[in-house]
Amino acid sequence: MDKLLQIQNGQAVSRSDIPDLNFHDFRKTLLNETRNNGFIVQFFAYENEQDILKLVTVIRSGHKLYVTGCSLAEEYPSLTPECEKFHMFEREIAEQFGVRPKDHPWLKMVRYHENYRGKEDIFGNDYSVDIPGNYPYFAVEGDSIHEVAVGPVHAGIIEPGHFRFQCAGEEVLNLEIQLGYQHRGAEKLLEQKGQPLNRLPIIAESIAGDTAIGHGLCHSQAIEALAGLEVAEGSKIIRSVALELERIANHIGDLGALSGDVAFTPPLNYFGRIRGEFLNLSLTMAGNRFGKGLVRPGGVSFPVLAEHRKIICDKIADETPGIANVCDLLFSAHTVLARFEHTGTVPLNIADRLGLVGYSGRASGLSYDARVAYPTEAYAMVEANTNARTTGDVCSRATVRREEIMHSLRTITELLARDIDAEAIPVPSSHSLVPDSFVVTINEAWRGEVSHCLLTDRDGTILRYKIKDPSFHNWTGLAMSLRNQGISDFPLCNKSFNLSYCGFDL
Amino acid sequence: MDPTFSFTSFLSVLTAFTMAPLFMGVILKVKAFFSGKQGPPWLIKYYTLIKLLKKGSVYSTSTTFVFKLGPIISFVTAIMLLLFFPFAGLKPVLSFHGDVVMLFYLLSLGRFFTVLAALDTASPFEGMGAAREVFFSALAEATVFVILALFFRLSGSLSFAEYFTGSHAVNLWSESAALIFLVLIALFIVLLTENSRVPVDDPATHLELTMIHEVMILDHSGPDLALIEMGAFCKMLFYSSFISCLLFPFHTGNPFVNVIVFFIIMTLIYAGIGLVESITARYKMDMVPNFILTSFALVFFATILTMEFVQ
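Going down the list, the protein sequences come from chains A and B.
Okay, so the first sequence: first residue is 0 according to numbering that gives the first Met the number 0, each after it adds one.
Okay, so the second sequence: first residue is 0 according to numbering that gives the first Met the number 0, each after it adds one.
Keep in mind that the hints were calculated from the coordinates and are not lab data.
Possibly wrong hints are sitting among the right ones.
What the hints assert, rightly or not - To give an idea of the chain B side of the interface with chain A (calculated C-beta under 7 Å), a few residues:
#1 Lys30
#2 Phe33
#3 Ser34
#4 Lys36
#5 Pro123
#6 Val197
#7 Asp201
#8 His205
#9 Leu206
#10 Glu207
#11 Leu208
#12 Thr209
#13 Thr279
#14 Ala280
#15 Lys283
#16 Met284
To be verified - Think about it this way: if two alpha-carbon atoms lie no more than 16 Å apart in a straight line, the pair counts; the simulated EDC-like pairs of lysine to aspartate or glutamate are:
#17 A:Lys309 - A:Asp420
#18 B:Lys283 - A:Glu340
#19 A:Lys101 - A:Glu74
#20 A:Lys101 - A:Glu83
#21 A:Lys53 - A:Glu73
#22 B:Lys283 - A:Glu169
#23 A:Lys291 - A:Asp209
#24 A:Lys53 - A:Glu91
#25 B:Lys283 - A:Glu170
Glycine included, every Cβ here is placed at the ideal spot set by N, Cα and C.
Given the sequences, and given the hints that come with them, work out the whole structure.
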């Protein structure tokens, strides 16, 4: 039996087809793949029907997807010392299942919750105590070192997260980011036995509020694969348009916020208004400014007709010159460029070792875009975007977003030019899922690669629901970007990544 | 001191004091204009002050009386500053030989207690802000004292009011206009630095890690914060009026014309600050010293030039 099984994005395979290696082979295969340009999409554990702990990993390499698995003992030699891409995944498994990765160099809790198996806690935490429990922060010692702790409650209206800076004067030596304050148990909510399947999309859309379409799509595609549902051509186009609208709204909001962070107010205000226009287009399509309630397994839940398409096309034609002008204003101001350039640089080799995804990865020169590599919905007919600046600094991340906004605007116009009406699907009656199956779905949400992975048991109920938000990869990238930077540049770096707290915390 | 003009002098200080928050509204309006917005009402700063004065103050249990002293002293020193100022060419309430040195050390005294109050909170943010503030204002002080030395050479006086009202009044319309032009640029840089404006600091930000002045007053609330704000307005008014005296001699003989011209110039200076804030981003923290030292280089150069002229 082959050590890796090639799979397709969003196509179910039987669980028995997944290779079941011994751990030694599993470890060797994975390390070999990651050394040869392989990246981790999913790396998680689950308990099968016999309560045996299984480890499953989905790897992407080139434009191919592979899955493999093994049984997991209570302790295993960690992969992280050989390859940093596993770092957060191994911590997550240790927290969820109480399995110890031996020689893991940074074994700390991820989200602060009891493990699912009632085993003794790896981190020695008493979970009746409030977060963060006994979290061993990295400390630097010396007379001229000072420590700055920020959060979890912040001055702006943002999500909670704790940041520890070890500084020598204005220079940051190390930044440690500790999250978990918004852990809601999203995976467990989705795995609950006996709940109607039409509750799941609502939970999936709430994993990260700004990525409602991204997570909604991943969920719907997974259910479609497992329930054998066909999606009409018109619905696929509308879903792609919705995902692009989400991307545009978020990128525009962030470019404005980046501008605000360097005290250059005009683009902040212009982009603030324009972002509202795009949120309102989602409102036109879905009755919700964040597109919640639009994407459902089997299609879209609202009819998107010629009149709606005309509103969207007209608005895009109206706003495009304005967006281009404000971008020019932002990127031609030399004081702004002085702040953006050479700030918060993540060089290609670091980005590659950490496995950054989305615009954070593309800004460092990792060209991976799930829309190109594993096209879903209508993306097979969309031309790929290219990025001109890949130096890995704040300026690159801003430039990539600007390019993506323009690309998305063109994409939406192109897609909507096709003469297809998307009809509403009827409220789904409970569909039954294929038993003993495995499916992984990948979509390029605005922040990067979102992936959901479902395993069904022999009755066709959900055995394991694994969610991965792009932020899970990228938070480490933010921490690295701050090395030897001025601490006053942290907000700018943070905004250039703009990672999700709740998407990470699940 | 001639007691007859004390009434108009007091009136002028009082007017300036009550107008200070209004001028801040000018900056906000200009910034709003460049952002395509209506902006807050002109009287926004008055509303803010009234709101703060109505509130109670909250004190951390880890602070001492020094923390409460900070706002009071910074407010009082800012008021005292105005007493020495010849608004619109009117004689100031107080004036004596050498008052310029006292003037700028009053400013430093206010800052010293603001810094102490910040350190008193033992917050790592506030310590960071205090370090930045002290560093940058020390650099700005070099510029200020070179300007004072230059003005002494030009006017032969060491009294602030006599710089502008004496027989060798210093302004842009005198024979040393070229030097004053350099001083104006330098003084504008000092104004931006001392008053925590863009491109040195960003008064509008909510990001503690990037703040300089704002972060030092994070823990102050209610009436204390109102005092600090009012002190800041006075300081801004002082520097702007300083510049206005260099721009226009106020020798028209008609006090009404003087006052009107004064307010027009002041509005233009504040609008200029708003303009600068609308078209520039903040400098990186390690670029700020270069920016401030540019002002020093300018006035130092101007002073060297006077060495040639006078001898």
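Notebook entry, point to check: For this structure, which hints from the list above don't hold up?
Noted result: none
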